[in-house]
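**Q** Using the supplied hints, reconstruct the complex from the two chains, each of which is provided in its own coordinate frame.
These protein sequences, in sequence, are chains A and B. Each residue of the first sequence is one higher than the one before, counting from 1 in the numbering used here. Each residue of the second sequence is one higher than the one before, counting from 337 in the numbering used here.
The set of hints was computed from the structure by calculation and includes no laboratory data. Among the clues, some could well be false.
Within a straight-line C-alpha distance of at most 27 Å, the following computed DSSO-like cross-link-like pairs (lysine-lysine) qualify [as the list claims (entries may be wrong)]: (1) B/542 - A/238; (2) B/552 - A/241; (3) B/733 - A/241; (4) B/542 - B/552; (5) A/193 - A/109; (6) B/516 - A/109; (7) A/286 - B/542; (8) A/109 - B/638; (9) A/241 - B/516.
One letter stands for each residue in the lines below.
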Amino acid sequence: MDLLNAIVALTNFVLIPGLAYGSQLAIGALGVTLVYGILRFSNFAHGDVMAFGTMVTILATWGLQATGVTAGPLPTALLALPVGIAATMILTLVTDRLVYRFYREVRAKPVILVIVSIGVMFVMNGVVRFIIGPDDQSFADGERFIFTARDFKEWSGLEEGLALKSTQALTVVTAVIVVALLFWFLNRTRTGKSMRAYSDNEDLALLSGINPERVVMVTWLIVAALATVAGVLYGLDKSFKPFTYFQLLLPIFAAAIVGGLGSPLGAIAGGFVIAFSEVFVTYAWKKVLTYTLPETLAPDGLVQLLSTDYKFAVSFIILLVVLLFRPTGLFRGKSV
Amino acid sequence: MSDTTRKIALFALVAVLILGTGVLQSWNSALLILNMGLISAVMALGLNLQWGFAGLFNVGVMGFVALGGLAAVLVAMPPVPEAWSAGGLRVILGLLTGAAVIVAAAQVHRRLRRHRIAAMVAVLVGGFFLYRWIFDGGVVAVEAVNPAATGYLGGLGLPVLLGWPVGGLLAAGAAWIIGKTALGLRSDYLAIATLGIAEIVVAVMKNEDWLARGVKNVNGLPRPVPYEIDLQNSPDFAERAAGLGVDPVTASTLWVKLLYAGLFAVVLVVLLILAQRALHSPWGRMMRAIRDNETAAEAMGKDVTGRHLQIFILGSAICGVAGAMMTTLDGQLTPGTYQPLRFTFLIWVMVIVGGSGNNFGAVLGGMLVWFAWVQVEPLGRWLLEFVTSGMSEGPLKAHLLDSAAHMRLLTMGVLMLVVLRFSPRGLIPER
Chain A
1 MDLLNAIVAL TNFVLIPGLA YGSQLAIGAL GVTLVYGILR FSNFAHGDVM AFGTMVTILA
61 TWGLQATGVT AGPLPTALLA LPVGIAATMI LTLVTDRLVY RFYREVRAKP VILVIVSIGV
121 MFVMNGVVRF IIGPDDQSFA DGERFIFTAR DFKEWSGLEE GLALKSTQAL TVVTAVIVVA
181 LLFWFLNRTR TGKSMRAYSD NEDLALLSGI NPERVVMVTW LIVAALATVA GVLYGLDKSF
241 KPFTYFQLLL PIFAAAIVGG LGSPLGAIAG GFVIAFSEVF VTYAWKKVLT YTLPETLAPD
301 GLVQLLSTDY KFAVSFIILL VVLLFRPTGL FRGKSV
Chain B
337 MSDTTRKIAL FALVAVLILG TGVLQSWNSA LLILNMGLIS AVMALGLNLQ WGFAGLFNVG
397 VMGFVALGGL AAVLVAMPPV PEAWSAGGLR VILGLLTGAA VIVAAAQVHR RLRRHRIAAM
457 VAVLVGGFFL YRWIFDGGVV AVEAVNPAAT GYLGGLGLPV LLGWPVGGLL AAGAAWIIGK
517 TALGLRSDYL AIATLGIAEI VVAVMKNEDW LARGVKNVNG LPRPVPYEID LQNSPDFAER
577 AAGLGVDPVT ASTLWVKLLY AGLFAVVLVV LLILAQRALH SPWGRMMRAI RDNETAAEAM
637 GKDVTGRHLQ IFILGSAICG VAGAMMTTLD GQLTPGTYQP LRFTFLIWVM VIVGGSGNNF
697 GAVLGGMLVW FAWVQVEPLG RWLLEFVTSG MSEGPLKAHL LDSAAHMRLL TMGVLMLVVL
757 RFSPRGLIPE R
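So here's chain B without its partners, still in its complex pose (with noise of 0.2 Å):
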């Protein structure tokens, strides 16, 4: 089978899965499979720019998209007015006294002879108490205005689609930090610190309530689409739905989400392409040959660390916009629900199985996986009830069907090994 028969195979392969969700299951878990498909398609992009065209070990996914889901937040809820003038201003003002004080630190380690790293830890300390004491107050403040409601600053009241490429930026900032300190490690290394950030990441937007009301959680995100409820009064709407046979409240949820699916096919599309012309050209070659032989490519005068640094960042701001489209997608931010599990190393399974090194791969994978990731459960369950079938009432059915739930990480390791062993190179090879 030639190449491209393969890809057009394999992307049939996943349009039949979700049209047949549609048929057999109903079409609204099938839209929603595909919109969470697109999302996780374009996460898997983005791990696939840093691990596929360069070989770099993140394990830290999570914390990009948990970022881009605040800048979504951030961007789109209307401010709190209260909460700004409580105590706006001193919250930033002990931000900036944060920042000061290591811009400080760092430059007393750098300028000072003697005693640096005494008077560095001096600067330090006596910064964060001074820190903490500015900050805690307005934070204080901050939380005491309606702690029902709101209790934290809220955001700029944009339009929340502005959220997409901010949540990006965010995570590419986050990036260019972590980048900055850890990329020159090795590649154990990275994979560490990746991994811890993306927990101090999610552990801070989930005790920071000022920042985004913490576990307390942000409902009721603007939409950049039309409301179902305002769709069903619509006389216009109503009388299209009855003209295609559908009744106006369905009709209303499946127009809402294939808006969506728009929007983010859109925004895959755009980065596939940005992703494939960056591969195809001499920048993408270098990378690749970097990724292969960091000595040979430094020896040729290319920066490799520099290099690692750019499409470290321009990987993880991807993550970042799919964050933010996830967030926007599911119209709250939830930061209990971030597990490294499965926003992290699944969509290591999504670029592992898809083929590391082409985009094409990734995006298969993203959509492939995801598939997998949501029917297991019913499979799983179905498939439990058939074995239980036979067995007597009593607790341990009852504990074989309760455990179905746990079949997907069983099943999404199966796979990985599987793919790793036997088609190492994924379903749609790197060329």
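Chain A on its own, in the form it takes in the complex (with noise of 0.2 Å):
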């Protein structure tokens, strides 16, 4: 019995939280990938994408819930996604045809684009806080939890309880949606193969015909489209608030560069890889262990590895040491 209880614990406080959570940096992580391996820089505004199609969406929600429209159980969000898809689709567009695009033609090197995606991403900051503010957002209605900890425990007579936040299954579940959709895409579209082969060797698919503007756009595309869906999702699930998704950036780029940077299968197994050992290593083990630990065992204090406040620094130790270990990532991304 004891050890079921542990089990329960791991589950909700470890498995579930770090299963959404590693969700949003995957999906978060395969845009950063995808420019990576199409445009070929590191897109430091990313962070920034994703505040900006998110910012869209609540306004979206906003406007939908002053005229009474909702989801029922479902967060009135997903109604206003493809507002904020589309909104930031525009966005990523446009700053490719003003800013990017330029650099492009002249063959710029990586770096630089790098740097001008630092401009990028000081412009779209600014255009956030500008129109929704600094401050913390919530926006998540409907139904906050699919069963609670109480429901458990009386369905299951354990002590521990468990619950499922509908927005951590939604997350998981939009997660298998759209990554289903993008490997679809990348493998079986004309358009999706010839983006791998773009990726793969730029001078040979320029040979066979392909159209470097038109992979380009469809590129910005769906980077626009995952952004947007990795900011919601951890939006509903956290809150929104712009210097978080700053922040963000960080573990999304530990996520792409752990899994090996330009491939997407990587982004997704880096994002787990770092959501899971930042929910680990953080985590008070003192109920867990009690749980598992004969009596005169038991833990006096929380036994948490590292204070929360330092989950940036776990996903930073991981990243060393897969950059030291095996500099390409763990699925062999590029190196350009």
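**A** This is the structure we're talking about:
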């Protein structure tokens, strides 16, 4: 019975949050890795693209709520999501046209594009804060829980509760759908194949008649959609704050690099590696250990390896370890 | 326009802008801009060394600046004897244990033939618990000593000016560790590594209360210049102020700021001369050769990674000195205020706008961009008031006026993008 309690506690506090956070990171990292694979630079503005998409979605959600439209038990933000995606697509296309295209044409070095993306980051950050302000916004509505800790206790008769927030379930389901769609697109459609060909070998792709501008455009459209979905899911699960989204850049990049930059499969694996290690290391293990260990060995302290404030340190250390022992990431990424 | 006249004209523009602030707004704010401008120029000089000379993509400036600030506190604040006797030695012992564990793990990894990964992990895990056991006890004891006022170990009680070189040394030490691990990697990876380390440095300073009180901030740092109140009470000073026709309160604040400006200017000029000498020495030429073509430089027998490490440490040390100067100017260490946009990416804007690879460009960029950063906010407010003047009172108008503060991020981004597009070598290009 005790072991059962330990498993339930572990699932409730580590596995489910880790799974949800990992899905969010994975979708974010997919965007970073696509930009890297096709456009060949690390996009520092990605966190702010996510923030922009989420902001538009929030505004649309408020609009829907004001007119009384809701999605029943689901968050209204799901209905508003297409608006957010469309706006973000326009944003990325306009940014590409105004900013990035010039550097592609002059064949600037990748590092110049990274610096340019820092400038874009400033602008987007300013725009988001200008429109919605720097404060926390909570926009989740609908049912909060699929089942609560109390329901679970009554149903199972265990001491430990297990709660499943609807946003967590929604995150995982959406992530599965998004990833399946993306892989179907990349592997089965003509455009997706031309994207992969372009990413593999630009010159050969050009020789076989692939239109680079079209590939780039499609990439930005997909990246916009991924970034918005990732941002909205993260915002529903936690809350929306422009600065937090900017800070997400670090775990997202860590995920993309750990998986291997340029490799979509790697981005997903990296997202979960980073998310689970963050949750594992910052979780207070006291409860689980008290259930599993004999009474005499039960710990006094919280048995928290690192305080939650150091969660960035975790993604960073994993990043370093992977880079030192396997510099191209878990799934062989590119190295330009 | 020749190179020199261009330089003189641009620096004259900065002078006019700052003097204009003095005439139009107040001399106090003009001097405030000047002081932070000088500090920003030092930071830009440090980053220019890394990016402009060597092409190293460092986005961790914030971390080195914060370390410099920490050094100022650790050097200048008086020690807290009760905290030291309560658990100071245990904390130090804990840290030494931590270091010893890492060294031991590295040795195990190097010496053992079989099972070395497993043995290394075992050493690390066991060592971690030992370290936490020693360290945590000490931390609890130290933080329990009068937490409202101290709750930390205090500093060494030495003159704060000594904290400036120490800040440089601390930043250099951190840069050595990062450089050793990350410099062999590709430029994007170095960027992410430095970004991460900066976040970690700030997180440590926020959470380790025994070190510098964390987010409770350390206030009242000793000053290298006299206090305003002492000046106002000194009859000598009051007399001289009256002779100039200024009331003693204003005169004292101005005088203190001028003294700071003098100190900062000395540091900036010394560093600028050194950087200029370095740029035009064989070493500087070698650096630029490595930057422009690593493979060719390596074929000529240059130790690329070694040189990169060297210049990475030097540039970071300069950022550390600037951080210590800033904390001295503020008179307090506030870890909560370190934000990457302000302390990393803004410095990048300075270097890019000023002209990467040119020391004078970096200094100019530092002063000019800092001026813009400060003045965009009132300008933005004025602009929005103008735009909204025709609108009726309502939430939209209030929101727009509230948002004026965010104009500066937008402006900085646009400024950077415009310079990168139309004048990629900056205002004072590298020769």
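**Q** Go through the numbered hints given earlier and state which of them the structure violates, listing their numbers in rising order.
**A** Of the numbered hints given earlier, the structure breaks just one, which is hint 9.
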